[in-house]
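A.B. asks: Next come the chains, spelled out residue by residue.
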Amino acid sequence: MTDPARRTLLLGVAAVAVLAATGVPAGAADPIRLGASLSVTGRFSDAAKYLQEGYQLWADEVNQRGGIGGQPVQVITYDDESKPDSGRILAERLIDRDGVTVLLGPYSSPITDAIATAAERAQVPVIGTIASDSSIWERRKLRWTFQAFPTSDYDHEGFLRLLGEKGKAIKKVAIVYEEAPFSIRAKDWALAKAKEMGLTVEAYGYNPGAQDFRSIVERIVAFGAEAVAMGGYYQPSVALTRQMIERGYNPQAYFFIQAADGVTREALGQQTEGILGRSAWEPTLETPAARAFADAYRAKFGRLPSYHSATAYAAGQVAEAAMKAKGTDRAAIRDYIATTAIPTVMGTFKVNAKGQQEGYHYIATQWQGDTARIVGEGSANAVIWPKPAWK
Amino acid sequence: MSLTLFFQLLANGLVVGGLLGIVALGLALIFGVMRVVNFAHGEFITLGAYATYLLVTQLGASPLFGIPLALALGGAIGWLIQAGVIARVTERPELDMLMTTYALSVVGLGAFAAGFGGDFRSYSAGPSGSLDLAGVVVGWRSLTVLLTCLVMGAATLLLVQRARVGLGLRALAQNRDAAASCGINVIASERLAFSAAVALAAAAGALVSLIGTTTPTVGHGWVLDGFVVVMLGGLGSVAGALVAAFGIGFVQSFASYLLDDSWARIIIYLLLYAAILVRPHGLLGRQEHA
Amino acid sequence: MSRAGSTAALAAVTVALGAVAAALPWLGVSSYVRTLVYYACYYMALGQAWNLISGMTGYVSFAHGALAGIGAYATVIALNAQWPVAAGLAAGAAAAGLASLVIGATSLRLRGAAFTFATLFFQELVLLIVRKLPAAGGPGGLVLQEIYPTSLPYVLMVVLAAVATIAVAALRFSRTGVRVLAIKHDETAAVAIGIDSTRLKVAIFCASAAIAGLVGSIHAIFVGSLFPDVVFAVEISLIALAVPLIGGVGTAMGPVVGALLYVGMREVFQVVAPGLHLTIVGLLILAVVLFMRDGIVGAAARAWATRRRTAVPAEGG
Amino acid sequence: MALVEARAIEKRFSGVVAVKDVDLLVAEGELLGLFGPNGAGKTTMFNIIAGAVRPTAGAVRFRGVDITAVPAFRRARMGIGRTFQVVRPFRGLTVMENLMAAVPSAAARDGRPADLAALLRGVGLEKRANDPAAALTLGMLKRLEVARALALSPQLLLLDEPLAGLSDRECADMLQFVATVRRSITIVMVEHNVHLALPICDRAVVMDAGSIIAEGTPGEIRKNPAVIRAYLGEDAA
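Chains as they are written, first to last, in the numbering used here: chain X, 7 to 397; chain G, 392 to 681; chain H, -8 to 308; chain A, 183 to 419.
Among the clues, some could well be false.
[To be verified] Pulled a few chain H residues facing chain G out of the computed Cβ check, cut under 8 Å:
| id | residue |
| --- | --- |
| 1 | G49 |
| 2 | V51 |
| 3 | F108 |
| 4 | A109 |
| 5 | L119 |
| 6 | I120 |
| 7 | R122 |
| 8 | K123 |
| 9 | L229 |
| 10 | L267 |
| 11 | V272 |
| 12 | L274 |
| 13 | L277 |
| 14 | L281 |
Just so you know, these hints were derived from the structure itself, not from any lab. No experiment lies behind these values; they were computed from the predicted model shown. Ideal Cβ positions, reconstructed from N, Cα and C, are used throughout, including at glycine.
Take the sequences, apply the hints, and build the full model.
C.D. replies: Written out as structure tokens, the structure reads:
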């Protein structure tokens, strides 16, 4: 069996075990239940594991501290196979059969949206973890659902700020986006911002699932862009990068949103040097809360946490603060989350009247040697500028 | 549009066309000999891609060795699946054949998703750098893909058109009963055709992993385009399929540049529907309309 | 005649079951169970729609997910324009029916695989076009402005599943049904006895598409929110075809058994073997196609018939 | 007026001439035998009348109406029933359903089902009415196919090799059945077995190499030197 296969199987077994087991001390009082629909299998399966670990670490720590109001907490999770329809059924199961007080987020915006439909009807608060697409709070009024992830609108914020500081000579910027809501919103924000900065910008859309970016590379070359920002999913970003390398096209600055992920090294090898990215959270973040979380996580799971785990842990912290203040009254918890600024490992959680995240922003990163370092605002690390040519 | 740009887009279209040609050739071979529409073809592409990925990341080998590995693996698996599953349904109604290969596709997809997870896999090893011909830049990886496709395509054509076994395949495509009565080993010929087609698909997968990334569904897009090629070119005509493959490669390349890749796909599908309307008898290479 | 009798009996049982299912929200059953019943009916109705064209004529459709999606979009657009619910549902059925005429006109004149391919590409084509269509919300999709109580789509879906099942049963044993099945068994012979196969195929496909469109319409009211990539996911067409295949193609009971099994299986495998669900569905379809050519219902019926025949002396012939 | 009037028929299949300049008249009420060695063009001619093949040139009239461009299903509704050389029953349907499929809808409302029972009795299949067609023997299937064509209440019945593949006893049954049916209906029969089929014909047409080489009563045909040559040539080959 391959490694990923074994991992998936173990994860599956773990998911079942969690049903009964997450951090509940034997003989303790009835636990407060929280629930999450996770994509243990399917498209998003890799991320689910990190979310699960974040939730687990949070629950264990709370229970070690004696629970909330004397009650232990328990996070129940099921596998939604990366499908919104399954997520909706599981939300019903969690609300109805397991009687959860709060729903913690799944992976991806469409599944969060599906769960929101069930939760809004049943009036159960949802703390949406990995849902960067803030349009789901705009298409309709969501009273019970909150965004606990930086909104994708600001995907290009750090990149454009660096461009303003370092790239005085750069006049033409190309933005590549996916025909998906989160990416379109990010593109719109960046277009407006870049124009405001006096830059000439062109944006190129591609079809989700595209693998061939050669024609887009030709358009970028023909436009004569000096800087390129890619705002799509991870896989197309890698494909675009490779095809830029093949074409021998060297922008002075190159950014793609998920570049900070360690997999980038595996996919692009030595070519990563100088590539900019953005991250919701990094274990190298120099805040006490981040350091404490990273240490605890490493002690438990033997490696550094990803931003998924940090987001999950932060969602737990939000729920914890609300339940400490309001007990298990769902309506009171909802009002508390909607109106209170809550400190978490991600920064200060704060939502606007629509439920969109305003407190967290992204941090800028850059590949320097073997690691993606935090650069730009609030970081002492120097930026490599311009980006070295492809090797 | 400058001449350089024109040739650049043409070159880009060639790479896609070459891969499509290999995929379509396999589909045409299976349909021609067995009258089976192989919906599972995409999974064999995915198989070759993952095999190459494992070869590179687990053994540290060059991805170029993934091509013979995929050929061998695909040939063996194709042989087994033909013997174990496909042979049971070739005499059955069309619905059964469609559902069999469709079910195989679902099983394969499920297995890849369970085995490798949903995220993409990729590696950075392999040929790097590019060839610059008067401003037209083609990467060595892409050139490797194109050349391999041409070699494999030519070899398959030679096998079918010239070799002794090819005669059996062509006879089968004409008339199964007559072929059998002429002393052609129908079972062996069918097994050979399926196994060769799967080997081609898996090799295409190895090449796809070289220029792209690998996911459990990586083969689907290619096989869907492969079906378009086969329908436009006519299953009866191998030359037609090759022309259609490169034609679609060019449409994709130029339309993506001039509009975007979504429009390119819309144009390709509309062309397909137009072809169904205009020349129904040419489609799938046999006249069935009463 | 026993045939009319069995249709009537089936209709009675279906109506009774449907009534019980429809009454569940008022019988204090948990909303989780209701959701499962809802999904079973959803898959059942979609499966019956597929069964109508593919089970009865033998022309395999991969477009039913797309047809349901078209219905969903049409209904949301109509309801957001303040149309009454009934008109919104009618819009969904009509839009899907119209779309089916487009596919049918190009491909149902032909025999063999042309129709299958036309439907195979249709799903992706519609998805691409919807993403480009501002009126359909583009990549961001659409949201139903008014949130309807769950009981509305719930009752509608139960009724639709029951009606579709009865319709397939009634058709199966009607003279028109016999003529449709004649096309499936031998189209050349069917034409030789005066069956206008093209017209009949197009008509049946249109009816089937209208049901699929209604399924999508009702589900749109249930979910209240449409994303093109979710609405036009290939998986929905897979369900439309897996459900009747597992249960039994061309029978009225096939999709009923198939849908219950599919939903039950999914709930079980989610806990027992997460991640293997898809593989198991595939293997199940493969096993049914290879070893139980008329599905689980057919196999059960044959086993029953064999038992009866051995128990009671044969009546001759 | 002839029931069927085919004039100057020509049919080419990708360059090969299968039928050239054939005139064929079928009189109301007769049983016409269409004979000839393999490749004579008799099956093509038969299919042109049935509507399965469209002629390259020439016209076919049925009761004075030009039906050259009329599709097969509409010819069936106009009153032309046919059988197939290789039987094509609806195997998954019952014997009775096979007949039901063929009844015109107006007739179905007029209580035609009684006639179906009579038809089944006529072909000796009344006991198998509810069995699937797949369970029948070849002889039964051939008779079922004739019954299915008759369920259309046609004015013209086209029989394509009704004796092919049957045992001696089954052949006798089939010929007897055809003899019963011919009293009420016009029949065109293509048959390989001249010895068995010729005696029951009113008139026979013999084709060879795409043309008609002889025409006449069974007695005349038997003595016709061109016919003897054509068949001897075939036997010698």
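A.B. asks: Are the hints correct? Go through all of them and say.
C.D. replies: Tested hints:
1. G49: Given a least distance of 5 Å, the restraint on G49 of chain H holds.
2. V51: Interface hint status for V51 of chain H: holds (5 Å vs cutoff 8 Å).
3. F108: holds (6 Å)
4. A109: Check passed: Cβ of A109 of chain H comes within 6 Å of chain G, closer than 8 Å.
5. L119: With a minimum Cβ separation of about 5 Å from chain G (threshold 8 Å), the hint on L119 of chain H holds.
6. I120: Hint on I120 of chain H: holds, closest Cβ of chain G at ~7 Å, below 8 Å.
7. R122: Constraint on R122 of chain H satisfied, holds at 6 Å.
8. K123: holds (6 Å)
9. L229: holds (7 Å)
10. L267: With a closest approach of 6 Å, the L267 of chain H hint holds.
11. V272: holds (6 Å)
12. L274: Result: holds, 6 Å to nearest chain G Cβ.
13. L277: At about 4 Å, which falls below the 8 Å cut-off, the nearest Cβ of chain G leaves the hint on L277 of chain H intact, so it holds.
14. L281: OK, holds: L281 of chain H within 8 Å of chain G, min 6 Å.
Violation of the numbered hints given earlier is absent; every hint is satisfied by the structure.
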